[in-house]
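J.: From first to last, the protein sequence lines are chains C and S. For the first sequence, the working numbering assigns the number 17 to the initial residue and increments by one for each residue that follows. For the second sequence, the working numbering assigns the number -2 to the initial residue and increments by one for each residue that follows.
Don't read these hints as lab results, they were simulated from the structure. Cβ atoms here follow ideal geometry from the backbone N, Cα and C, with glycine treated the same way. Each hint should be verified, as a subset may be incorrect.
Just the calculated beta-carbon pair ranges, DEER-fashion [claimed, not checked]: (1) C:R101 - S:A75: 26 to 34 Å; (2) C:E60 - S:G38: 15 to 23 Å; (3) C:R57 - S:G38: 15 to 23 Å; (4) C:D73 - S:S92: 20 to 28 Å; (5) C:S89 - S:P11: 31 to 39 Å.
In silico lysine-lysine, DSSO-like type, Cα no more than 30 Å apart, as pairs [stated by the list, open to error]: (6) C:K84 - S:K105; (7) C:K84 - C:K40; (8) S:K105 - S:K65; (9) S:K39 - S:K105; (10) S:K(-2) - C:K84; (11) C:K40 - S:K65; (12) C:K84 - S:K65; (13) C:K94 - C:K40; (14) C:K94 - S:K65; (15) S:K108 - S:K(-2); (16) S:K39 - S:K100; (17) S:K100 - S:K65; (18) S:K39 - C:K94; (19) S:K39 - S:K108; (20) C:K84 - S:K39; (21) S:K(-2) - S:K39; (22) C:K40 - S:K100; (23) C:K84 - C:K94; (24) C:K40 - S:K39; (25) S:K(-2) - S:K100; (26) S:K(-2) - S:K105; (27) C:K94 - S:K105; (28) S:K(-2) - C:K94; (29) S:K108 - C:K84.
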Amino acid sequence: DAGVIQSPRHEVTEMGQEVTLRCKPISGHNSLFWYRQTMMRGLELLIYFNNNVPIDDSGMPEDRFSAKMPNASFSTLKIQPSEPRDSAVYFCASRQTGPRSQPQHFGDGTRLSIL
Amino acid sequence: KQEVTQIPAALSVPEGENLVLNCSFTDSAIYNLQWFRQDPGKGLTSLLLIQSSQREQTSGRLNASLDKSSGRSTLYIAASQPGDSATYLCAVRSSATQGGSEKLVFGKGMKLTVNP
Chain C
17 DAGVIQSPRH
27 EVTEMGQEVT
37 LRCKPISGHN
47 SLFWYRQTMM
57 RGLELLIYFN
67 NNVPIDDSGM
77 PEDRFSAKMP
87 NASFSTLKIQ
97 PSEPRDSAVY
107 FCASRQTGPR
117 SQPQHFGDGT
127 RLSIL
Chain S
-2 KQEVTQIPAA
8 LSVPEGENLV
18 LNCSFTDSAI
28 YNLQWFRQDP
38 GKGLTSLLLI
48 QSSQREQTSG
58 RLNASLDKSS
68 GRSTLYIAAS
78 QPGDSATYLC
88 AVRSSATQGG
98 SEKLVFGKGM
108 KLTVNP
């Protein structure tokens, strides 16, 4: 049973470049979450989708960040232009909503380094 | 604004000890609380989820308790093993009646090392 799949696992790029992170949620899960993890701030929710619709994007740091979910099996997080302070580990998670609470399932993350 | 705190940030113990990990939160209007484990270079794995109406949940050697009124949760690990070495995070989901959403607010985690 495949879990949440993220790509790439590692990304190193220069400041100013566009970065696109990808996520495939677990089949049947209808909520998808993007998180960012840093030593200083810990794990922070950036945005989440329910049935492919963005519900809460209050955690998106600035307009340089955008996220899309064109269908139930794919989501992207884009940073344009990237800056060194965007360096972090970005996680995608999914869960199945319903009357009974289900935990979120996390991917292994994308480690992003902006030089 | 909900804040979640985990103290201490790190703990090193010999194998076999019974452990208590602490988590505190500032707003008692929660929907549920979850404990996660994170191994180096990996994502988070859910260990236990406690609904706001529950007092505790158990899974194997793990037991999590919840005291909403005092804003505290503890994760008890019995007979610790080297394989338990990881970072443990707790996360709180706010109550829907407070306008909460699916958003989880995480503590910064506690790094546990169990020495053989």
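J.: Would you mind marking each hint as holding or not holding in the structure?
T.: Cross-check of the supplied hints:
Distance hint check for R101 (chain C) and A75 (chain S): the Cβ-Cβ separation is about 42 Å, which falls outside the suggested range of 26 to 34 Å. Evaluation of the 15 to 23 Å hint for E60 (chain C) and G38 (chain S) yields a pass: the beta carbon distance comes to about 19 Å. Our hint of 15 to 23 Å for R57 (chain C) and G38 (chain S) holds, since their Cβ atoms are close to 19 Å apart. Checked against the hint of 20 to 28 Å, the C-beta distance between D73 (chain C) and S92 (chain S) comes to roughly 21 Å, which is consistent with it.
Taking the beta carbon of each, S89 (chain C) and P11 (chain S) are about 46 Å apart, not inside 31 to 39 Å as hinted. Between K84 (chain C) and K105 (chain S) the CA atoms are separated by roughly 27 Å; this keeps the pair inside 30 Å, and the hint holds. Under the criterion of a C-alpha separation no larger than 30 Å, the hint pairing K84 (chain C) with K40 (chain C) is consistent with the structure, at around 12 Å. A C-alpha spacing of about 20 Å is found between K105 (chain S) and K65 (chain S), which places the hinted pair at or below 30 Å, so the restraint holds.
About 16 Å separates the Cα atoms of K39 (chain S) and K105 (chain S), which keeps this hinted pair within 30 Å; it holds. For the proposed pair K(-2) (chain S) and K84 (chain C), the alpha carbon gap of about 27 Å is at most 30 Å, so the pair holds. In summary, the hint linking K40 (chain C) to K65 (chain S) is not supported, as the alpha carbons are separated by about 35 Å, beyond the 30 Å threshold. Proximity of K84 (chain C) to K65 (chain S) is assessed by CA-CA distance (about 36 Å); at most 30 Å being required, the pair is judged violated.
Proximity of K94 (chain C) to K40 (chain C) is assessed by CA-CA distance (about 15 Å); at most 30 Å being required, the pair is judged to hold. Restraint check for K94 (chain C) and K65 (chain S): not satisfied, since their Cα atoms lie roughly 38 Å apart, outside the 30 Å limit. A C-alpha spacing of about 25 Å is found between K108 (chain S) and K(-2) (chain S), which places the hinted pair at or below 30 Å, so the restraint holds. With a CA separation close to 21 Å, the supplied pair K39 (chain S) and K100 (chain S) stays within the 30 Å bound.
Proximity of K100 (chain S) to K65 (chain S) is assessed by CA-CA distance (about 18 Å); at most 30 Å being required, the pair is judged to hold. With a C-alpha separation of about 21 Å, the suggested pair K39 (chain S) and K94 (chain C) falls inside the 30 Å cut-off, and the hint holds. Restraint check: the Cα-Cα separation between K39 (chain S) and K108 (chain S) comes to about 14 Å, which is no more than 30 Å; the hinted pair holds. A C-alpha spacing of about 24 Å is found between K84 (chain C) and K39 (chain S), which places the hinted pair at or below 30 Å, so the restraint holds.
Restraint check: the Cα-Cα separation between K(-2) (chain S) and K39 (chain S) comes to about 29 Å, which is no more than 30 Å; the hinted pair holds. A threshold of 30 Å between alpha carbons decides the hint, and for K40 (chain C) with K100 (chain S) the separation of about 20 Å falls inside it, so the pair holds. Between the alpha carbons of K84 (chain C) and K94 (chain C) the distance comes to roughly 9 Å, so the proposed pair stays at or under 30 Å and holds. Restraint check for K40 (chain C) and K39 (chain S): the C-alpha separation of about 16 Å stays at or below 30 Å, so the hint holds.
Note on K(-2) (chain S) and K100 (chain S): the hinted pairing holds, with a Cα-Cα distance of about 12 Å set against a maximum of 30 Å. Restraint check for K(-2) (chain S) and K105 (chain S): satisfied, since their Cα atoms lie roughly 16 Å apart, inside the 30 Å limit. This hinted pair checks out: K94 (chain C) and K105 (chain S) have alpha carbons roughly 25 Å apart, not beyond 30 Å. Using a Cα cut-off of 30 Å, the hinted pair K(-2) (chain S) and K94 (chain C) holds, with the two alpha carbons roughly 28 Å apart.
This hinted pair does not check out: K108 (chain S) and K84 (chain C) have alpha carbons roughly 34 Å apart, beyond 30 Å.
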